[in-house]
Each structure stands twice: as structure tokens, then as C-alpha cells.
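If you're matching positions, the sequence shown starts at 40 in our numbering and goes up one per residue.
Note that these hints are calculated values from the structure, not bench results.
Using N, Cα and C, we set each Cβ at its ideal position, and we do this for glycine too.
There's no promise every hint is true.
[Unchecked claim] Derived CB-CB ranges, DEER-like:
{"no.": "1", "residue 1": "Gly120", "residue 2": "Thr288", "range": "28 to 34 angstroms"}
{"no.": "2", "residue 1": "Asp263", "residue 2": "Ser114", "range": "32 to 38 angstroms"}
{"no.": "3", "residue 1": "Pro405", "residue 2": "Gln272", "range": "55 to 61 angstroms"}
{"no.": "4", "residue 1": "Ala75", "residue 2": "Pro405", "range": "25 to 31 angstroms"}
{"no.": "5", "residue 1": "Asp219", "residue 2": "Ala143", "range": "35 to 41 angstroms"}
{"no.": "6", "residue 1": "Arg289", "residue 2": "Ser220", "range": "57 to 63 angstroms"}
[Claimed, not checked] Below, a list of computed lysine to aspartate or glutamate pairs in the EDC-like style, where the Cα atoms sit at most 20 angstroms apart:
{"no.": "7", "residue 1": "Lys321", "residue 2": "Glu375"}
{"no.": "8", "residue 1": "Lys205", "residue 2": "Asp164"}
{"no.": "9", "residue 1": "Lys440", "residue 2": "Glu400"}
{"no.": "10", "residue 1": "Lys69", "residue 2": "Asp55"}
{"no.": "11", "residue 1": "Lys321", "residue 2": "Asp157"}
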Amino acid sequence: MVVALLKAIATCASTDGLSLCDAREYHRAKSAFVSANPSYSDSTLSALRKREFARLDATSSVYLDYTGAALYPASLVREHGRWLTSSVAGNPHSTSPASLHSSAAADEARAALLAFFDADPAEYDVVWTSNATAGLRIVGETYDFANKTMLIPRDAHNSLNSLARKAQQGGGRFEFIEFDSPSGEAISAPAYRRALDTASPSSEKGRGLVFLTGQSNITGAKLDLSLVQYAQQRGWDVGLDAAALAPSTRLSLRQLPVDLMVVSLYKIVGWPTGLGALILRKSQYANLTQKSTFFGGNIVGITMDTFDFTLVDGPERFEDGTANFAAMAAVRPGLEFAARWMPHYTARNRILMAWLIEQLEAIHHPGRCDEKTDSPRSSSTFSHKHPATGGMRLVRTGGPKDLDARGSTLPLVLTSAEGDALNYRFVIWAAARQRISLRGGPCMCNPGASSAVMQRGTITDLAASTLLAEADVGIVRISLGAPTNFMDVWRLVRFLRMLTDPQWVSAEWRAYERLHPGARLSNNIDHLHALATGKSL
Numbered sequence: 040m041v042v043a044l045l046k047a048i049a050t051c052a053s054t055d056g057l058s059l060c061d062a063r064e065y066h067r068a069k070s071a072f073v074s075a076n077p078s079y080s081d082s083t084l085s086a087l088r089k090r091e092f093a094r095l096d097a098t099s100s101v102y103l104d105y106t107g108a109a110l111y112p113a114s115l116v117r118e119h120g121r122w123l124t125s126s127v128a129g130n131p132h133s134t135s136p137a138s139l140h141s142s143a144a145a146d147e148a149r150a151a152l153l154a155f156f157d158a159d160p161a162e163y164d165v166v167w168t169s170n171a172t173a174g175l176r177i178v179g180e181t182y183d184f185a186n187k188t189m190l191i192p193r194d195a196h197n198s199l200n201s202l203a204r205k206a207q208q209g210g211g212r213f214e215f216i217e218f219d220s221p222s223g224e225a226i227s228a229p230a231y232r233r234a235l236d237t238a239s240p241s242s243e244k245g246r247g248l249v250f251l252t253g254q255s256n257i258t259g260a261k262l263d264l265s266l267v268q269y270a271q272q273r274g275w276d277v278g279l280d281a282a283a284l285a286p287s288t289r290l291s292l293r294q295l296p297v298d299l300m301v302v303s304l305y306k307i308v309g310w311p312t313g314l315g316a317l318i319l320r321k322s323q324y325a326n327l328t329q330k331s332t333f334f335g336g337n338i339v340g341i342t343m344d345t346f347d348f349t350l351v352d353g354p355e356r357f358e359d360g361t362a363n364f365a366a367m368a369a370v371r372p373g374l375e376f377a378a379r380w381m382p383h384y385t386a387r388n389r390i391l392m393a394w395l396i397e398q399l400e401a402i403h404h405p406g407r408c409d410e411k412t413d414s415p416r417s418s419s420t421f422s423h424k425h426p427a428t429g430g431m432r433l434v435r436t437g438g439p440k441d442l443d444a445r446g447s448t449l450p451l452v453l454t455s456a457e458g459d460a461l462n463y464r465f466v467i468w469a470a471a472r473q474r475i476s477l478r479g480g481p482c483m484c485n486p487g488a489s490s491a492v493m494q495r496g497t498i499t500d501l502a503a504s505t506l507l508a509e510a511d512v513g514i515v516r517i518s519l520g521a522p523t524n525f526m527d528v529w530r531l532v533r534f535l536r537m538l539t540d541p542q543w544v545s546a547e548w549r550a551y552e553r554l555h556p557g558a559r560l561s562n563n564i565d566h567l568h569a570l571a572t573g574k575s576l
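Using the sequences plus the hints, can you model the full thing?
Below you can see the structure in the form of C-alpha cells.
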């Protein structure tokens, strides 16, 4: 009893905003959690957090946006800092000693990236980009779409959706692979196979390009990677958006020989930012032929009257301007860190995610004797009442229920006691006051998956979409990473439970409203949609 009290006092003293009562509840919850999940107690991960991510506990911060960006380990930036302060590194487009030093760092980084993804250097090249989006842009601007089909999953990131227009502009067409699960949030493997088998006929040069989402940045749903080989056997060029997948899943391009893959390094290990890659099979140079202009030193010859040009050979032909050469020295040690620790933290995060989903779906608003949620005005299609109190559920979690089919990303749809959509900006703002970093938005750069999670169907009305966004109707997304521990997810659950306390919410809302006059705490989605479309309910 005394030991438990002393632990609670220490936790209370080291965590801003936590009362002694809260601290005692935390230790009770953690004790029950560890008893049910003994494999959670990995002392090496606890030591890793103290050593590499001490800034989290030093500032009482909870960071839950690892799908947005990983947190960099302290040792990585120290090592990179030593390289920067001891190196004379110049623009690599030369043969001076300073340039050659930078070129050597770039070569080492390319080799490290290929090794991390188990890619044969004889088969694959690395094109340096600023991020995964920039890699997709290169594909869109250079792939020969003439008389071919661009096939895109409905839950794709907007960066990938943009390839649809590029296909049209390039003389091709695009088709979507539609959601088909009972929940309307997922695309099954059979749906992918049907689309790959029945997409519009293509040219003699090939069926076209299918670009698959490795892991949804919204729902966390993971792709059945056997679909890569299935598509290739049917004549498709296959791309993989691995931006959300690579931070938690080791990929071997010897076993999964995709034709094109895009990644952002800051999502894998937090540093360096502003550096990503398009990894391509060298055979794809024959398809990436539509580069129509140049913006840097990636040409061999040029005419001064009409500006005709010839491109250099190899990946540099797609690197407009100078790559972020000063960051290259951080790539190898960063990927070595990820390779060493990824199996450990992904296993722990799976356990935390299971507990988190169970806890969140059990949170309900207090019962109301004047319950309004059975009235026609309720916009909640998911707000189930608590069987004992009649209170509405606060949270609906999106994405696969099978933990083997998802990563450590979880979308939350939050509802008021009346069944309306809570203002996501307010939720993120209120969380920030508890030193919790969350992410949210009306679309989260993925309109298909976001609309599916919010159960709004396929977005076809721009006015309605705009009005919903301006009314702060959206999703709150949480995601776990290398340093995440039980305290982080417990504090999130504690915060969300506060949203069911009318007095606490009222006080917080008054403070928010002073900063954002005219905002609404919650909105009836059906009313907003009717207002935008001119349709009556």
C-alpha cells in the first residue's frame, strides 16, 4: 500500500496536470494491463525512451502523431551534428574535394536505403526527392500513360489521387478500386483482384499502372501484399505507396519486387525531414519517358534557341536541382536505428492498440432524461447508447478490427451527447492544453478513407464537402510509434473521458470560443449537407 502510494506521488510530481488521484488510478490501470499483457514489460524499450526520447517525459508531453512524422532519436541528430560540424561538404555537382565528400555521403545513403528495403542494386535505383509526394509527382509527370489505365484504390492519399488527372492528361484513363466491406471502410483482396482482372483494355505496351496503398494513413488498414505479384502476372506495372507502411513494416523488394515505391524518411525515423525517395526498378526507365522539361543540372546537352535537351542517364535525370546533400549523412544511421528497434516497438504497439480500442469504445456520455438522439435531427449513424445509462457513445474507432490487418494508426469519430459531430479542432485544441499532440481534419489528405470512416459515402458534392470542412467536421487520428508507452495511451483515454463531463467541456469551450468566435461545439452533418445542396431533410 505504501509502495503504491509512493509510486503515485512520484508520478504526480513528474507529470504536469496529473492529480494524486489520477496517478493512483494510472498505476491501478497499468498493473491490470501488465498482468494481462506480460510481454509489454520490455525493459529495453523503456530504456530506449529514457535514452533517446527523454524530451517527452521532461516536458510531460504525449505525442500521438507518428503517422504524420516519427520522432527522431537524440543519438541520430547528435551523430549527424558531428558530421556537419566536422565536414566540408559542398554542392555534389562537381569534382572538388568538398563536392566529392557530399557525393560519397549520397552514395552511402542510396546504398543504405536499398539495403534497408532488401533491394538488389543491380535491379533498383534511388531517386532522391523531398518526400513521398514528390516521388509520386515524378511518376505522374514522366510515366507514359498513352492508351493505358491508371488504377487507384479508393482509400488512396491525395498525392496518389493526383495521378488520376495525370493519366488523363497523358492520354490514358483512370479507374478506382472501390470499398466493398460491410463497414464500407475497406477494400477486400477479392475486390482488388476483380479490378485488376476487369479494368479497361489497354495498349500493346501494357495494361497500365496500378499504384497500391501499403497502409492507409487514415484507417491503418494494411494491403495484402500478395496482390503485387497478382497484378504483375496480369501485365500491370505496380507501384507501392509505402509512406505509412514502411515505418512499422520491414519490406523486402527481393520478395516483393514492386516496380515503383515511394517513401518519406522522416516518417520512418523522424530525421532528416525534407528527404524522401522514389525507388524504381531500372526496367521502368523505359516507361518513365515523358519528362517534358528540366529545372536543374540533370541535362547533358541543350540548344539555346528552342531549349531542346537530353537528360543524364540514371536516377539523377529526375532530380531537378540539388538534392538535400547535407542531410544524406543521417540516412544510414537513421535506418540502422529503425531496423534494430522496429520489431520491438511494433510488437508493443500492437498490445497498446488492442487495449486502446477496447477502452475508447467503452466511453459513453452520461445518460440524459431528455434524450434527443432518437429524433430525426440526429446525424449520428454510429452513436450507440450505453445499455445501462442510455448515454451516447463518445467514440467510434475506424479501421480493421483484426489487429493483424492494421498498423498503429487509429481514426476516431467523436460525437456529442445529442449524437452530433464534435468539432475536431476543439478536441485537438483541448488535448493540447493537456500536452497531448493529436492530428485531425475533415479529409486528412485522404478523402476516400475519411469519408468512409465518417460514413458519408463517396464525396461527389464539392459545396457540401467544403461546408463540412468549414464547420470543423472531421476525424481525430492517433498513431503510435517507437517511444509510445502505456502512460501515453492512458493519458489519451483520460482526456477523452473528460469530453463526457458537461461542466468541463463547457468551461473549455468558453475559452476556445473566445479564440474562435462563431465556432460551434458540434454540428448536425445531415443539416449541413442539406444546407449545402439545397435539399430538405
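Of the numbered hints stated earlier in the document, which are not met by this structure?
5, 6, 7 and 8
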